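Asks: Residue numbers (this note's numbering), protein chains in the order written: chain A, 1 to 369; chain B, 1 to 303; chain C, 1 to 480.
Just so you know, these hints were derived from the structure itself, not from any lab. Watch out, some of these pointers could steer you wrong.
Below, a list of computed lysine-lysine pairs in the DSS-like style, where the Cα atoms sit at most 25 Å apart [stated by the list, open to error]:
#1 302(B) - 230(C)
#2 230(C) - 465(C)
#3 362(C) - 400(C)
#4 301(B) - 400(C)
#5 465(C) - 226(C)
#6 106(C) - 178(C)
A quick note: this is a predicted structure, and the numbers were derived from the prediction, not measured.
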Amino acid sequence: MKIDRALRQRLFAAVVLPLVSVVCGFIVAGVAVVVTGSDPIEAFTALFQGAFTNPRAFPETLVAMVPYVFLGLAVALGFRAGLFNIGAEGQFYLGAIFGVLAAASLHGLPGIVHVPLALASGMLGGFIWAAVPGLLKARFGAHEVITTIMLNYVAFQLTDFLINKGPMSDPHSSAPRTAFIDPAAQLPILLGGSRLHLGLIVAVLAVPIVWFLIQRTTIGFRIRTVGFSPGAARAAGISVGWTLVLAMGISGALAGIAGADEILGVSHYMPASFSVGYGFDSIAVALLARSNPWAILPSAFLFGAMRNGAAFMQLQTQVSSDLISIVQAIVIMFVAAPAMVRWILRLREVPVGGLQITQRETAGVSSET
Amino acid sequence: MTDFLSHLDIAGFIIATLVASTPLVLAAMGGVMSERSGVVNIALEGIMLTSAFAGYAAAVATHNLWLGVLVSIIAGMLIAALHAVLSIQFLVDQIVSGTVINILAIGITGSFYRTYIQNSELAGTGVLPALHLNFLPNAPFIGVITLAALALIPIVHFLLFRTVFGLRTRACGEHPLAAETAGINVYFVRYSNVILSGALAGLGGAYFTLQQIGNFLPNMTGGRGFIALAAMIFGGWTPVGAFLASLLFAGADALSGRLQIGGVQIPYQIVGMLPYVLTIVVVAGAVGRAVAPAADGKPYKKS
Amino acid sequence: MDLTVEWGQVHALLGENGAGKSTLMNVVYGLVRADSGEIHFDGRAVHIGSPQDAIKLGIGMVHQHFMLIPPLTVAENVILGNEIATGPGVVDQRRAISKVAELSRKYGLEVDPAQRVEDLSVGIQQRVEILKALYRGARLLILDEPTAVLTPQEVRGLFEVVRALVRDGAAVIFITHKLAEVIEVADQITVMRRGKVVATTSPKESNQAELARLMVGRSVLLRVEKGEAKPGQVLLEIRDLSVQDDRHQVAVDGVSLEVRAGEILGIAGVEGNGQNELVEAIVGLRMPRAGAILLGGRDITHASTHSTLEAGLGFIPADRHRMGIVLELPVSDNLVLSRFDLPPFARWIVRYFDAVREYAVKLIKAFDIRTQGPDQLAGSLSGGNQQKLVVAREIGTQPKVLLASQPTRGVDVGSIEFIHRRLVEERDHGMGVLLVSSELDEVLSLADRVAVVYRGRVVAIFEQKEADRDRIGLLMAGAA
């Protein structure tokens with residue numbers, strides 16, 4: 001009976017909750033489509049075609065999935081330390097800047113050296129950009145939500161400054177972009193005739209590595225302990241400040257590798273207008289996966305498909321690809337409010353562990369004058 | 001440098017700062033009310049964006065700017081009510097709930113913008129009337145929402161520190177269980193304050209479309225809601241403090257505009273970073289001096 | 001369960017921690033809903049769905065953890081929810097202050113209505129709580145563990161107020177687990193165990209030993225058994241230590257203390273007189289402003305917590321849930337919380353779970369932690385077992401000196417006995433123990449020497465045999 005209940009609870013958290021959340025997301029988005037005067041069936045059909053059934057659609061969905069895997073892991077790792085890293089977008093930019101620096105300025109290296117070097121460079125960029133808010137939180141108690149968002153804006157300005165007629169712009173091009181990277185630094189294509197590149201393998205490999213880091217290492221233990229209870233961590237001699245800096249840094253490094261990977265695998269140069277919100281979407285990717293590294297894979301796949309399909313949908317119908325943000329918002333909302341899903345499905349509340357009061361005394365007090 | 005100084009018109013700079021502070025001080029006061037009752041409101045950005053759009057759409061539809069302002073305020077209250085339901089009723093983490101609203105705001109305004117504004121040939125609505133200061137050089141003017149914001153500062157201060165409602169609000173933000181045991185309905189107080197913060201931020205949203213440019217652009221709030229949160233913290237969770245802090249950020253904004261006009265040789269992107277970097281510095285420096293309401297961000301659950 | 005309280009009487013509700021006393025009273029006050037059963041007040045069946053309902057009936061409650069809002073003034077706290085207002089909802093500060101002053105004079109509860117609550121001592125804060133209830137017209141006053149934070153003299157003052165109220169015809173429900181107080185103040189006694197009433201009696205018909213047996217369900221030793229201490233060399237030396245609190249006020253003011261091998265040094269004092277800051281400074285959680293701390297001759301004044309624990313300190317924090325354990329982690333991880341990165345529990349950065357589990361099983365057995373196994377989440381253990389977990393972890397590392405801060409707070413009698421016994425055993429094996437407790441009786445029965453603190457200073461140190469309860473009570477209250 002007890003196991004049964006635990007199983008039911010896990011099933012709810014791992015399957016029912018995400019599914020209901022995604023379905024509700026599409027229902028609400030469908031309503032928005034109707035309100036803007038379009039046909040939701042038509043829009044979602046276009047979305048599906050654009051994501052899966054059109055020629056070359058599926059590999060493109062996988063291409064879009066790659067940064068979501070890294071970024072989802074980045075945000076999830078932050079959550080484990082009790083940190084809300086909304087700055088993945090900025091760290092993604094810095095990863096791309098550092099990645100393109102290493103990939104375009106070095107020449108004559110073999111690919112087996114150049115690619116890892118450029119990826120590592122991207123990780124360094126993301127690490128630095130994220131460690132700053134980590135330090136500010138550890139040292140001054142500045143809330144990371146505000147500092148990471150502000151650093152996003154700074155990253156956008158910095159990118160524009162460097163690349164739009166700035167020190168990193170390609171002098172031979174009129175477009176605001178960097179020079180092309182060294183051919184040796186390009187990630188090899190996995191599937192002929194598509195843009196699907198080796199980055200997918202790297203991303204899939206990152207999942208067990210991050211899982212191992214969180215669950216099986218002392219670093220992960222520090223991060224989780226600080227996330228659960230900073231007070232107990234401190235009293236046990238764990239340096240909460242350094243753990244926060246480290247967790248932010250690792251989170252940023254994961255976002256950074258996503259940026260470098262985009263350069264090495266897809267665009268092969270960095271345009272001034274680089275990302276269109278991959279980093280912001282990744283908050284939803286991580287929340288939908290409930291910060292479980294393994295669950296990041298299906299979650300990232302879903303978001304890759306939506307992003308890829310939305311572009312086609314916008315072309316095909318009058319519906320803006322911004323619609324996907326509505327789906328995301330609703331998904332996060334439901335995942336974060338299990339009580340709401342239970343309420344919709346009319347499920348009885350399953351008590352969690354021993355943290356809830358299950359037994360209450362009855363009382364019969366009477367007083368007489 | 002002399003070239004720069006010749007362009008520096010002190011009165012104009014002060015007025016520009018005051019005007020630019022409008023959305024910041026309105027949203028920051030919204031943040032003050034919400035957080036004083038114990039609900040962190042990082043949804044201010046999304047509330048302002050949605051209100052900016054809703055007010056603009058209403059003004060376009062009705063050809064009445066005042067109705068547009070009213071719709072902005074109502075839209076702000078509705079979005080804030082969603083934040084209240086999620087964070088107070090369903091105990092969603094308040095930061096997550098705010099993030100939901102910020103993303104939702106981008107989705108909704110983006111979708112509608114593409115359908116109704118981007119491809120249509122709307123001429124814009126024009127802007128609300130303003131107070132013209134013709135006696136000053138360059139004849140600067142102050143829009144009506146700025147004047148309203150200035151008037152609201154003492155009103156919100158009075159509400160928070162002199163009234164029964166304010167006393168109960170502060171009690172709920174410090175120790176909700178204590179408030180409950182004193183017979184106060186914590187949910188009611190928190191709901192009212194969050195919705196009130198939506199009204200204030202909603203008016204702030206109207207500033208962008210109906211006072212500043214008479215048009216709507218995607219993402220036009222550009223992080224002002226978050227800067228307003230920094231102003232609230234720096235201002236010690238008080239309306240007057242939030243106003244002064246807003247002036248600081250708005251000053252950086254106005255200055256960056258003036259530096260460019262003045263022809264100072266700094267890349268505009270570096271100047272553009274100024275308000276954001278300043279926010280980071282202030283948030284890092286202000287914490288420890290100002291103390292947040294003790295129960296700020298903590299959901300309250302009746303047993 | 002049934003409970004009947006009569007007007008004009010003090011009704012004691014006796015039971016150990018977790019017996020359900022507070023839950024029951026929270027039901028009466030409308031904070032917790034009952035599953036079944038009914039409440040009669042003045043002979044009528046009533047429904048109490050919220051504190052508002054309770055207040056309307058004339059029920060007032062002083063909670064164990066005060067329900068006061070620290071940054072507000074006394075007057076604001078008293079009138080909150082029932083405000084004195086002029087015009088449309090504007091608080092009338094002046095009338096509020098005079099009303100509260102009048103009330104405080106009437107009941108002899110001296111307090112300055114214009115002061116902020118955060119600047120008041122706990123004893124005065126309690127008066128504010130009682131004023132709050134009286135201001136709302138309470139005729140039935142529920143006091144939940146009201147003496148836990150008071151000096152013996154303050155307790156006497158409280159009892160006088162209680163008797164005066166009862167003389168006026170009010171009723172008082174007095175929740176406690178302290179036997180002597182029950183005998184002293186109660187007219188009627190109801191004893192609760194595991195959510196049930198096990199006896200209703202009166203001080204005349206009963207005595208402390210019998211009440212203890214009823215409360216716990218078996219006969220208990222009311223005293224800690226221990227032999228003579230054989231103190232050895234000085235292990236922990238504190239010299240002229242000064243520490244600030246979070247508000248940058250001086251909390252520890254030039255304290256000098258020595259803890260020797262094989263002795264228990266107890267620190268007696270009302271909570272908030274610098275004990276927490278002292279302990280935190282020793283363990284490296286708070287940087288001292290001045291002075292020195294030496295552990296086994298090694299200077300640890302500015303060492304991090306990591307280093308002080310490594311240097312041979314054990315630390316049982318006062319706040320179990322916030323600092324003692326991680327509720328979301330399994331028992332095994334909690335048992336190695338301060339050593340998870342050392343062999344055999346980890347090599348390089350990889351953790352070895354077999355070693356962790358093996359060690360955990362050993363400690364679970366040695367310290368009689370009732371659990372389903374090392375993988376059970378610590379949050380699902382009972383309070384007593386959680387505390388035994390902390391004690392096991394800290395004694396398990398065999399430290400030179402153990403800092404035990406409120407080591408038995410909020411735990412059942414069985415666990416209290418066990419923890420006390422273990423502390424004495426470790427003392428006999430040569431460990432130095434620094435015991436901080438707001439329960440004066442715990443300090444007096446366990447400690448070989450007692451240091452009394454008041455406002456961050458050590459005002460006196462006694463050998464156990466010279467320690468006089470009344471004398472110490474006066475010193476704790478600042479009467480030199």
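Asks: Residue 465(C) and residue 226(C): Cα distance at most 25 Å?
Replies: Given that 25 Å is the threshold and the Cα spacing comes to 13 Å, the pair holds.
Asks: Would the hint linking residue 362(C) and residue 400(C) be met if the CA-CA limit is 25 Å?
Replies: Answer holds: residue 362(C) to residue 400(C) is near 21 Å, not above 25 Å.
Asks: Can the restraint linking residue 106(C) and residue 178(C) be considered satisfied, given a maximum Cα separation of 25 Å?
Replies: violated (29 Å)
Asks: Hey, residue 302(B) versus residue 230(C), does the alpha-carbon distance stay inside 25 Å?
Replies: Answer violated: residue 302(B) to residue 230(C) is near 53 Å, above 25 Å.
Asks: Between the alpha carbons of residue 301(B) and residue 400(C), is the straight-line distance 25 Å or under?
Replies: Measuring from Cα to Cα gives roughly 44 Å; hence the hint is violated.
Asks: Going straight from one Cα to the other, do residue 230(C) and residue 465(C) come out at no more than 25 Å?
Replies: holds (15 Å)
This entry does not satisfy hints 1, 4, 6, going by the numbered hints stated previously.
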